[in-house]
Amino acid sequence: MKNDIILSGVGGQGILSIAAVIGLAAVENNLYLKQSEVHGMSQRGGDVQSHFRLSDNPVSSDLIPYGQADLIISVEPMESLRYLPWLSKHGWLVTNSNPFINISDYPPVDEILSEIRKIKNNIIIDADTIAKEIGSARSGNIVVLGAASPFIEMPFASLENAVRKLFERKGEEIVEVNLKALKAGRNFTGK
Amino acid sequence: MKRLLLLGDEAIAQAAIDAGLSGMYAYPGTPSTEIMEYIQSSGLASERNIHREWSSNEKTATEAALGMSYAGKRAMVAMKHVGLNVAADGFINSALTGVNGGLIVVSADDPSMHSSQNEQDSRFYSKFAFIPCFEPSNQQEAYNMIFDAFELSEKYKTPVLLRITTRLAHSRASVELTGAPAPEKKLKLPSDPVQFVLLPAIARKRYKALLSSYETIRYDARIAKYNSFKDGKKRDLGIIACGIAYNYLMENISGSSGDYPVLKIAAYPFPNDLIKEIAGRCKELLLLEEGYPFIEDGLRGFLDTGTKILGRLDGTIPRDGELNPAIVAKALGFTVSTGKKVPDLVKMRPPSFCKGCGHADMFIALLEAVKPFGPGRVFSDIGCYTLGALPPYNAINACVDMGASVTMAIGAADAGLFPSIAVIGDSTFTHSGMTGLLDAVVKNSPVTIIISDNSTTGMTGGQKSQATGRLEQICTGIGVSPEHIKIIVPLRKNHEENVRIMNEEFRYKTVSVIIASRECIQTATRRKKTETSNE
Chain B
1 MKNDIILSGV GGQGILSIAA VIGLAAVENN LYLKQSEVHG MSQRGGDVQS
51 HFRLSDNPVS SDLIPYGQAD LIISVEPMES LRYLPWLSKH GWLVTNSNPF
101 INISDYPPVD EILSEIRKIK NNIIIDADTI AKEIGSARSG NIVVLGAASP
151 FIEMPFASLE NAVRKLFERK GEEIVEVNLK ALKAGRNFTG K
Chain U
1 MKRLLLLGDE AIAQAAIDAG LSGMYAYPGT PSTEIMEYIQ SSGLASERNI
51 HREWSSNEKT ATEAALGMSY AGKRAMVAMK HVGLNVAADG FINSALTGVN
101 GGLIVVSADD PSMHSSQNEQ DSRFYSKFAF IPCFEPSNQQ EAYNMIFDAF
151 ELSEKYKTPV LLRITTRLAH SRASVELTGA PAPEKKLKLP SDPVQFVLLP
201 AIARKRYKAL LSSYETIRYD ARIAKYNSFK DGKKRDLGII ACGIAYNYLM
251 ENISGSSGDY PVLKIAAYPF PNDLIKEIAG RCKELLLLEE GYPFIEDGLR
301 GFLDTGTKIL GRLDGTIPRD GELNPAIVAK ALGFTVSTGK KVPDLVKMRP
351 PSFCKGCGHA DMFIALLEAV KPFGPGRVFS DIGCYTLGAL PPYNAINACV
401 DMGASVTMAI GAADAGLFPS IAVIGDSTFT HSGMTGLLDA VVKNSPVTII
451 ISDNSTTGMT GGQKSQATGR LEQICTGIGV SPEHIKIIVP LRKNHEENVR
501 IMNEEFRYKT VSVIIASREC IQTATRRKKT ETSNE
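Chains B and U, in that order, are what the protein sequence lines are. Heads up: the first sequence begins at 1 in my numbering, then just goes up one per residue. Heads up: the second sequence begins at 1 in my numbering, then just goes up one per residue.
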């Protein structure tokens, strides 16, 4: 089993929390993993990505080779397209539909979405609205993770355990709302 | 055995604690910052009261670590690659003094300049200083190497350099820890009372001893265990892979496409026999190095066996930038199947000021205040405020090295540029700006220094700034006339007044300092969150 995942978004959107959840779940499943992150200057509103590699064999490279990612999980639509060279022919692209516009030449959103629809396996989810509906506008990233969860080769229950572990020090309320967010994303893709 | 999921930086920090570290010294710098942060948040480090405060800069950190080593205890100092330039005086001379307690210097290189102004390769410092160097290929190796580095350091009484790069520093993997953490060393002065006294007569002796021990270290078992040769059936191509480059190689050849003779190098100085052995078997040698062509350059200069050398210098590998699996695949002659191209509509998204950042409001005022004098007179520095170089601000004309804003403004003023303005952050000012300010004061230089004070070391994630609460006193102490030390709050509502103050100080014919003070929005938000959750 090999699961190469690219996480993408804009600095400050919470892709490192998504990475932390997958990481905790991977440890629970005794998988080998390498997860490369971006720290430093780009975290100030620039594009950020994380390469996440899961396998039942030892992983060599910290970076995913081009054309080999099984999944792109993006919390921002334009950012999901930036990593297409990594996506394999059979790979899935799961992205939030809500743009994060902090540049003056941001392209029209409908053009971005139509580019995304050209990818054979794509899921576009309005994670912000779903997150607001369940009462936690800040859990959009976990909604996106939920939507991508069917393509992560680990039991859904491990992701739920990981969400519990990650948010437990913030209190039961935060844990519950994030579990709801995860489930809501999962249900969206399941439909 | 206990296993933890750790960043490369964290593996190094955990290993140092487990090896009986007594003092950690550092100045924040991407990608090295998390080493100190991990030790600061470690339970055992706090139980043992391991020294874990930030230093003013990499030089003071390195010298303090050397002092702890003098007193017989194990010390580690960490910095980004350009920090080693700042620390170079202490680093290079510490090879001559040697150490007492084990001393490790961690330098985190940033090839491809993700968050840096150059991509210098710290291995050159190792050779330059005659200091042995470890270059881990993965997180586990980084953990293991720390124990060997401390032992090597104490056995040969030498500092040891640990060179890592961004992808190791900021990549997480599972790391198996050793058993119980070793106890700290006891306070014990050096047996030779003049060991650390580098008077010429003593230094000459110590230098000869250094040259000789560096040759002995080449053959030490702790170096040998990290340099391994694995023969393969192929005779047309052999591969030398250093540090993390080895992973990219294995990503490509672990399957049936293997069978190349491979020499993995992760510790320096290594015996020349290793190179001779692989070169003797192959027609061509491919060098895979993350960073500069350090080994390749040496081979091309001296090896005249007819072996053809492929690497960064003949274009087989790009001359600059970090490696990746595709670059290595191409060098091996494999086809790389890339996914779809990035659509043209995808735009660049450079980093930018956070919403509510005081630096931004400072620049908006500065741009208006400087307008009457014309462009090209703002020297800036290293930090979040360097983003003032980007649109829509385009507000700065220089960013070179820590502290250079102040001294370049002085030089430009010496040449006749008036007004000449420096913009420097609070932490950068106490790192390397204060001595420049003294120069300005002593010669009455007509410069205005704006200290953009957000009360933290912002770019690296909000570490404690040595400057907090001290800036005004420091400037007065250095000799700036108190009526020309202006404190402003960079907020939109103060814009008119801030422009007026800046404009006045720009016109003033000797040194003035404007401290633009407003807490970093990131640290302020975090502080408020902790305060609420503690209520």
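Worth flagging that the hints you see were computed from the coordinates, not collected in a lab. Misleading hints may appear alongside valid ones.
To be verified - Distance condition first, Cα-Cα at most 27 Å in a straight line; then the derived DSS-like pairs of lysine-lysine:
#, chain 1, residue 1, chain 2, residue 2
1, B, K118, U, K347
2, U, K486, U, K443
3, B, K132, U, K529
4, U, K509, B, K165
5, U, K464, U, K509
Evaluation of the provided hints:
| no. | hint | in the structure |
| --- | --- | --- |
| 1 | B:K118 x U:K347 | holds (18 Å) |
| 2 | U:K486 x U:K443 | holds (20 Å) |
| 3 | B:K132 x U:K529 | holds (21 Å) |
| 4 | U:K509 x B:K165 | violated (61 Å) |
| 5 | U:K464 x U:K509 | violated (34 Å) |
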